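Peer 1: Residue-level listing of the chains:
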Amino acid sequence: MNGESAVVSEQAVLSEPHPAVFPEPDPAVFPEPDPAVLSEREYDAGIRNARRFERIMAAKSLISFALIALVIEIYLYYH
Amino acid sequence: MNLASPREDLGWVLVIFVMIGAVPLVTGIYQYLLVILHFLRLHYARCGQWLPRTAILIPAWNEAAVIGVSIDRLMRLDYPRDSLRVFVVDDASTDDTPLIVRAKAADYPGRVVHLRREAGGEGKAQTLNHGLSEIMGDDWMQALLIMDADVIYERGSLRAMTRHLADPAVGAVTGYIQEGSRPGNYLTRFISYEYITAQAAARRAQNVIGAVACLAGGAQLHSRANIEAIGGRIDTGTLAEDTVITFRTQLAGRRVLFEPHARVWAEEPGSIGALWKQRVRWARGNVQVTCRFRRVWFRPRRAHRLGSISFGAIWFSVFLLPVTLLVSSASLVTLYFEDYQLSHTAFRGLWIINVIAYVFITSYTLLIDPQAGRRTWRQGILFPGIVSLVIMADVVFTGPVQWLIGHALVALGIAFGHPIVQSVILFSYFWLSVSMGLAYLAKIVERDSGIRRYLSVALLYVAGYGSLLCAITLAAYVKEIRKADSKWEKTDKVGNMRIPA
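Chains as they are written, first to last, in numbering that gives the first Met the number 0: chain A, 0 to 78; chain B, 0 to 500.
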């Protein structure tokens with residue numbers, strides 16, 4: 000068997016799965032994944048994102064404080 | 000020893016009354032400072048990935064335009080299918096609501112239940128109780144989600160709420176209701192901006208205080224233990240059943256939380272008339288709640304934070320806002336005739352506080368929810384109304400504005416003491432009260448089309464959306480004082496909703 004025919008036969012296996020090679024998963028052994036149940040890692044990521052959002056939101060308040068400082072500066076300039 | 004004359008004393012008393020108008024502004028700033036601290040008071044450390052068997056209770060009275068889509072979206076939530084049941088209480092609807100709900104029950108067997116009340120129209124609380132008696136009949140339900148028929152949940156919203164119920168100290172959780180009307184109009188964009196302030200911001204502040212004012216009627220999740228603790232029924236004695244259940248939950252010693260990352264979308268009124276009807280009902284409900292829980296205010300307790308000074312100050316600064324504006328502007332006008340110079344100083348003092356509150360609250364509101372902010376920034380800037388913005392500009396840019404006015408008066412040949420000039424000054428002093436009247440006028444002249452529609456829009460932009468809300472609260476006071484009929488009036492929904500991907 001040369002290298003070329005080995006590649007062809009591998010492609011054939013990948014593109015045309017035989018039922019015997021790739022059987023339908025047994026629902027009892029491989030239950031259909033429920034999208035609602037997150038892995039622990041996904042759940043933690045959700046909490047982490049929420050925490051990060053809240054921290055960023057707090058940091059954004061600096062922009063508002065800067066605007067207030069600007070308004071007071073203008074007010075004092077004209078008085 | 001210098002003794003102030005009675006006239007001087009009166010002047011300073013009037014200044015104090017003028018500055019009452021600044022109390023809601025200072026409270027608003029305080030509330031937004033609490034929002035900044037929200038990241039320090041998160042509840043996530045006590046959360047868990049808990050997915051209780053959840054019964055979703057939807058009261059529906061002639062909701063054919065929206066109920067089908069709402070049920071379909073609920074069926075696509077990221078939530079275990081076997082742990083979700085939808086109970087639609089059809090309150091004697093006369094449109095296609097029963098047909099649609101029955102069709103959905105057939106599409107999703109065992110997951111959608113149609114409950115029919117033959118004698119309906121009593122109100123939302125009675126409708127909810129009909130469904131609640133059915134749900135509490137067995138022990139399947141571990142958590143109860145009460146929502147409105149038009150509300151659309153984002154896929155992960157329910158799960159974002161249930162995770163807090165893993166902590167048994169939490170009795171109820173509410174989500175972030177966002178305005179979802181599309182294409183929408185100027186008014187729905189005002190409402191959208193208002194919801195960032197009233198929900199995303201105010202409820203974060205309430206999380207920090209540890210007392211939540213109201214579980215949104217469209218998104219309130221309760222643990223079974225909480226529903227049982229408050230008697231298994233919704234209060235029917237007021238127009239604000241959602242606020243009453245919020246208070247009773249906290250008075251019973253359970254926490255109520257706001258989860259800002261549980262986003263749900265609701266259709267909002269597109270006309271001032273419809274908004275007025277909805278908000279008068281809400282405001283009357285708040286008057287009733289304020290009276291009913293009169294022994295709670297400003298009496299701190301270990302068991303709950305409803306009696307804290309912070310919570311009471313925020314509640315009453317909103318509740319009494321029209322009164323403070325009336326007192327403040329009436330005092331300014333009186334002071335004008337007593338001591339013009341002092342009235343001028345008091346006016347400037349009041350409005351500089353107004354400017355600081357406006358800049359801080361508006362800019363931070365737009366930053367809290369940038370997505371909604373991008374759509375509503377114009378309404379956010381114009382929230383106080385054009386006249387108020389002109390007054391604020393005059394206070395901050397005094398030099399250039401006075402220069403302009405001075406040159407204009409010279410060009411017109413008008414002296415400063417001219418009655419026209421004095422009338423304008425008096426008008427600006429009385430503006431806080433006049434703006435409410437103008438907002439009411441916008442409601443009166445409003446029509447679906449034609450010149451009166453444009454006039455109504457123009458009046459609202461001049462008076463400000465904030466003034467409209469104050470006028471509504473004032474109307475609610477009047478209705479409560481007159482003991483007007485408190486029939487529950489539904490807000491009509493037509494299904495023009497943005498459904499987030």
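Watch out, some of these pointers could steer you wrong.
[What the hints assert, rightly or not] Simulated coverage check for chain B against chain A, where a stretch passes if three residues somewhere in it have a Cβ under 8 Å from a Cβ of chain A: (1) 34 to 43; (2) 356 to 365.
[To be verified] Derived CB-CB ranges, DEER-like: (3) B/R347 / A/L69: 38 to 44 Å; (4) A/D43 / B/R377: 35 to 41 Å; (5) A/I73 / B/G231: 33 to 39 Å; (6) A/Y76 / B/V322: 34 to 40 Å; (7) B/S4 / A/K59: 47 to 53 Å; (8) B/G120 / A/E41: 57 to 63 Å.
Honestly, the hints are just simulated from the structure, not real lab data. These numbers were taken from a predicted model, which means no experiment stands behind them. Ideal Cβ placement from N, Cα and C applies to all residues, glycine included.
Peer 1: Would you mind marking each hint as holding or not holding in the structure?
Peer 2: Evaluation of the provided hints:
Counting residues of the region 34 to 43 of chain B whose C-beta sits closer than 8 Å to any C-beta of chain A gives 7, which meets the bar of three, so the coverage hint holds. Under the rule that three or more residues need a Cβ within less than 8 Å of chain A, the assignment of the region 356 to 365 of chain B holds, with 4 such residues. Checking the proposed 38 to 44 Å range against B/R347 and A/L69 shows it is violated: the Cβ atoms sit about 19 Å from each other. About 40 Å separates the C-beta atoms of A/D43 and B/R377, a value consistent with the hinted range of 35 to 41 Å.
At roughly 59 Å, the beta carbons of A/I73 and B/G231 sit outside the given window of 33 to 39 Å. In this structure the supplied range 34 to 40 Å holds for A/Y76 paired with B/V322, their Cβ-Cβ distance being about 36 Å. Taken as a hint, the range 47 to 53 Å holds for the pair B/S4 and A/K59, whose Cβ atoms sit roughly 51 Å apart. Checked against the given bound of 57 to 63 Å, the beta carbons of B/G120 and A/E41, roughly 46 Å apart, lie outside it.
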